[in-house]
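Participant: The primary structure of each chain is shown beneath.
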Amino acid sequence: MEGIADFMDALIGGVDLSFYCMTIGGLLWGFFVLKPWEHHPLYNDALLTTSVKLIRIGAYAVAITQVFKIILKIWLMTATLERWPFPAFAETVQFQAGIVRALFAVVLGYYAHKTLSYNTHSHYYWTNAVLLSLPVIIASAWLVHGASRLDNRLLLMTLASLHQVAAAAWVGSIFQILAVWHLKQKNKINAELWPALLWRFSPMGMISVLAILATGIPIALNYIDSWNGFIGTGYGNLLLVKIFMLIIALGFAYVNHRNVHAFFLNGRNHNLECRVPYYIETELLVLITLLFTAASLASQPPAVDIPTLTASWQEVLHTFAPRIPRLQSPSHEALLAGEAGRVAIVGQIPSEAATAWSDYNHNISGIFLTVMSLFAMLSYNTKYAWAKYWPVGFILLGIFLFFRSDAETWPLGPIGFWESTFNNGEVLQHRIATLLVFMLGVMEVKARMTTDPNSKLPYVFPVLSAFGGLMLLAHSHVGFQPKTAFLIQVGHTLMGLFALILACGRWLELKLDSPVKEWAGFVSVFALFQIGIILMFYQEPLY
Amino acid sequence: MKKIHLLITFFLVVFSSQILSHAVVTHSSLDVTEIKANQPTQVRLTFNSRVELDLSQIFLVSRGDKMQLVNASLGQNPGQVVIDLPALQPGEYALKLSIFAADGHLSEDIVRFHVLPETVTK
Numbered sequence: 037m038e039g040i041a042d043f044m045d046a047l048i049g050g051v052d053l054s055f056y057c058m059t060i061g062g063l064l065w066g067f068f069v070l071k072p073w074e075h076h077p078l079y080n081d082a083l084l085t086t087s088v089k090l091i092r093i094g095a096y097a098v099a100i101t102q103v104f105k106i107i108l109k110i111w112l113m114t115a116t117l118e119r120w121p122f123p124a125f126a127e128t129v130q131f132q133a134g135i136v137r138a139l140f141a142v143v144l145g146y147y148a149h150k151t152l153s154y155n156t157h158s159h160y161y162w163t164n165a166v167l168l169s170l171p172v173i174i175a176s177a178w179l180v181h182g183a184s185r186l187d188n189r190l191l192l193m194t195l196a197s198l199h200q201v202a203a204a205a206w207v208g209s210i211f212q213i214l215a216v217w218h219l220k221q222k223n224k225i226n227a228e229l230w231p232a233l234l235w236r237f238s239p240m241g242m243i244s245v246l247a248i249l250a251t252g253i254p255i256a257l258n259y260i261d262s263w264n265g266f267i268g269t270g271y272g273n274l275l276l277v278k279i280f281m282l283i284i285a286l287g288f289a290y291v292n293h294r295n296v297h298a299f300f301l302n303g304r305n306h307n308l309e310c311r312v313p314y315y316i317e318t319e320l321l322v323l324i325t326l327l328f329t330a331a332s333l334a335s336q337p338p339a340v341d342i343p344t345l346t347a348s349w350q351e352v353l354h355t356f357a358p359r360i361p362r363l364q365s366p367s368h369e370a371l372l373a374g375e376a377g378r379v380a381i382v383g384q385i386p387s388e389a390a391t392a393w394s395d396y397n398h399n400i401s402g403i404f405l406t407v408m409s410l411f412a413m414l415s416y417n418t419k420y421a422w423a424k425y426w427p428v429g430f431i432l433l434g435i436f437l438f439f440r441s442d443a444e445t446w447p448l449g450p451i452g453f454w455e456s457t458f459n460n461g462e463v464l465q466h467r468i469a470t471l472l473v474f475m476l477g478v479m480e481v482k483a484r485m486t487t488d489p490n491s492k493l494p495y496v497f498p499v500l501s502a503f504g505g506l507m508l509l510a511h512s513h514v515g516f517q518p519k520t521a522f523l524i525q526v527g528h529t530l531m532g533l534f535a536l537i538l539a540c541g542r543w544l545e546l547k548l549d550s551p552v553k554e555w556a557g558f559v560s561v562f563a564l565f566q567i568g569i570i571l572m573f574y575q576e577p578l579y
Numbered sequence: 013m014k015k016i017h018l019l020i021t022f023f024l025v026v027f028s029s030q031i032l033s034h035a036v037v038t039h040s041s042l043d044v045t046e047i048k049a050n051q052p053t054q055v056r057l058t059f060n061s062r063v064e065l066d067l068s069q070i071f072l073v074s075r076g077d078k079m080q081l082v083n084a085s086l087g088q089n090p091g092q093v094v095i096d097l098p099a100l101q102p103g104e105y106a107l108k109l110s111i112f113a114a115d116g117h118l119s120e121d122i123v124r125f126h127v128l129p130e131t132v133t134k
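Going down the list, the sequences are from chains A and B. Numbers in my numbering are just positions in the first sequence, counted from 1, shifted up by 36. Numbers in my numbering are just positions in the second sequence, counted from 1, shifted up by 12.
Careful: at least some of the hints might be erroneous.
Derived list of chain B stretches under chain A, where covered just means 3 residues or more per stretch with a C-beta under 8 angstroms from a C-beta of chain A [claimed, not checked]:
hint, region
1, 54-65
2, 103-117
Here's a subset of chain A near chain B, in silico, CB distances under 10 angstroms, partners left out [as the list claims (entries may be wrong)]:
hint, residue
3, Ala124
4, Asn188
5, Leu190
6, Val340
7, Gly452
8, Glu455
9, Ser456
Calculated directly from the structure, the hints in this document are not laboratory data. Ideal placement from N, C-alpha and C gives every residue a C-beta, glycine not left out.
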């Protein structure tokens, strides 16, 4: 049940944070970048009403996700305790702060909908909207990690809230910038607004990044007290991934800033029209993945609390050490024989067969992906155009996983297909992952065969890859000892990061012009190659 | 209604994954005091966060993974939980914890321990 709870927390937490950023960031965008009360001659109703619409949608969505989170908690507690959790749950801070947050989000959404959208040029109404967002921000403070801490509670809650607002200023503004781009594409606003607003956003973007660092660093220092804690725990590991993603997003932000600067300096318009919008789309993809990772981080125990469960940097490095892939699987009988002891709570006996079975599955999958990535690299040479059908490997991988993922179930094991699929969460998860891999292959092969230049099929691949990356970033294994779980998680987290790079690279390859599209495509397949290498050398600790 | 329940279950099960969660045991009296055979005992666990005990459950697990719900109360210190264990025969046991932390995270943990024969503990 805990595994379900944590992943759902991370998933809904990520959705919630994205809408929170859309709302709070949208207000900050209006207040500090647009400043409609200054009556800019280029502004029109389309621009301002779209801006307010995003704020309104975000606020209502925050309320809905918050209520859904509460319902989810009630459901989980009812299932876990096997009784109705009220009135005890009603007395928790979680319930009370959650309800307050949802109510004020509705009030804010309603105000944006019924008042601000009809008075978009009024400083007074924008100020009111910002003031109405304060209760949402304050209520959010009671729902962060720091709220349950025994020490430095108020400080941690304050820092976490400011950290969220700083992130919202950046992410929310990116939502608004993309809305401006779409309005420009539809000729609904003056074209000059595009570079002008990008330029006006730069100072706020820089301040928000500084604020993210200024609030994030003290939080990190409070939760992680050693280098081992940074490298050898799930908390530190996810934070490291967040830092990598921040660097990638900052890279895009820097390139965009340079291009806007070049436009105002030399009047060069090409990059501003043909590249910057797609860099911004990719930046948003990275930032949203970062928000999901942040939500996932909230369900990890801080490194400072688990010194005895922390892995050393040598142990972490060892998980990535090159080794001969396992090409021989243990017998099915040997695997099943060890299962009862492996899953026992009292008298647990580690199963070598289970570890070897898992290693074989991972290593063979790694060989599949590595070979596919090599074909993908080859396909960039026009002499080997046939190699562009490398995604057919996903279809074969899907078939392999179908037979190997759950040895105790059909088709290899005694438990029937329907019985295993709908009675066991892990089996169901594997079945869906297998189907996804198979469909990814089918869709991408079809996308590469289509002659329709307007086909949307090619976009399925980066979207599914990003979703896969998201899953990997919140992935670990129920039933393991905590340190073992972390040593498995560290590889999956790195693969999640590469899956994000794979998605971003492919997205840019589809959107950009030459020669940048080829570079982006190559980065994308190189990320696939890295995932293949990690899987090929994967070795599960004996547990 | 049953369909909605099934749908939610399906959705939750599909996306299940992590094990480590927020509330973890930072101190356990089991680390410093052995449990004596055939005597009721109190075990003190300290968590890294505040615990909503009314929404938590603790099971004693004995060989064969037989589970028995045990009584627990809040200790004097923040984050501390006191568990009442019945008189136990020598052998291997575990405490299976389902803890609802004040930050809203449901955490599950297993604390394994041994009860040694009286001659050994003496």
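Participant: Go through the hint on serine 456 (chain A) and say holds or violated, using the shortest Cβ distance to chain B against 10 angstroms.
Facilitator: It is violated, given that the least Cβ distance between serine 456 (chain A) and chain B is near 12 angstroms, above 10 angstroms.
Participant: Three residues minimum, CB to CB under 8 angstroms: does the region 54-65 of chain B make the cut for coverage by chain A? Let me know.
Facilitator: Result for this restraint: holds, n = 4.
Participant: Examine the region 103-117 of chain B: at least three residues should have C-beta closer than 8 angstroms to a C-beta of chain A.
Facilitator: It holds: at least three residues are needed, and the region 103-117 of chain B offers 11 whose Cβ sits within less than 8 angstroms of chain A.
Participant: For the hint on alanine 124 (chain A), does the least C-beta distance to chain B fall short of 10 angstroms?
Facilitator: holds, 4 angstroms
Participant: Answer holds if the nearest beta-carbon of chain B is closer than 10 angstroms to that of valine 340 (chain A); otherwise answer violated.
Facilitator: This interface hint holds because 8 angstroms falls under the 10 angstroms limit.
Participant: Should the hint that leucine 190 (chain A) touches chain B count as held when the rule is a Cβ pair under 10 angstroms?
Facilitator: violated, 14 angstroms
Participant: Restraint: asparagine 188 (chain A) near chain B, CB-CB cut 10 angstroms. Satisfied or not?
Facilitator: This hint is violated: asparagine 188 (chain A) lies away from chain B, its Cβ roughly 13 angstroms from the closest one there, beyond 10 angstroms.
Participant: Hint glycine 452 (chain A) vs chain B: min CB-CB distance below 10 angstroms?
Facilitator: It is violated, given that the least Cβ distance between glycine 452 (chain A) and chain B is near 18 angstroms, above 10 angstroms.
Participant: With a cut-off of 10 angstroms, does the beta carbon of glutamate 455 (chain A) approach a beta carbon of chain B closely enough for the hint to hold?
Facilitator: This hint is violated: glutamate 455 (chain A) lies away from chain B, its Cβ roughly 14 angstroms from the closest one there, beyond 10 angstroms.
Against the hints set out earlier in the document, violations occur for numbers 4, 5, 7, 8 and 9.
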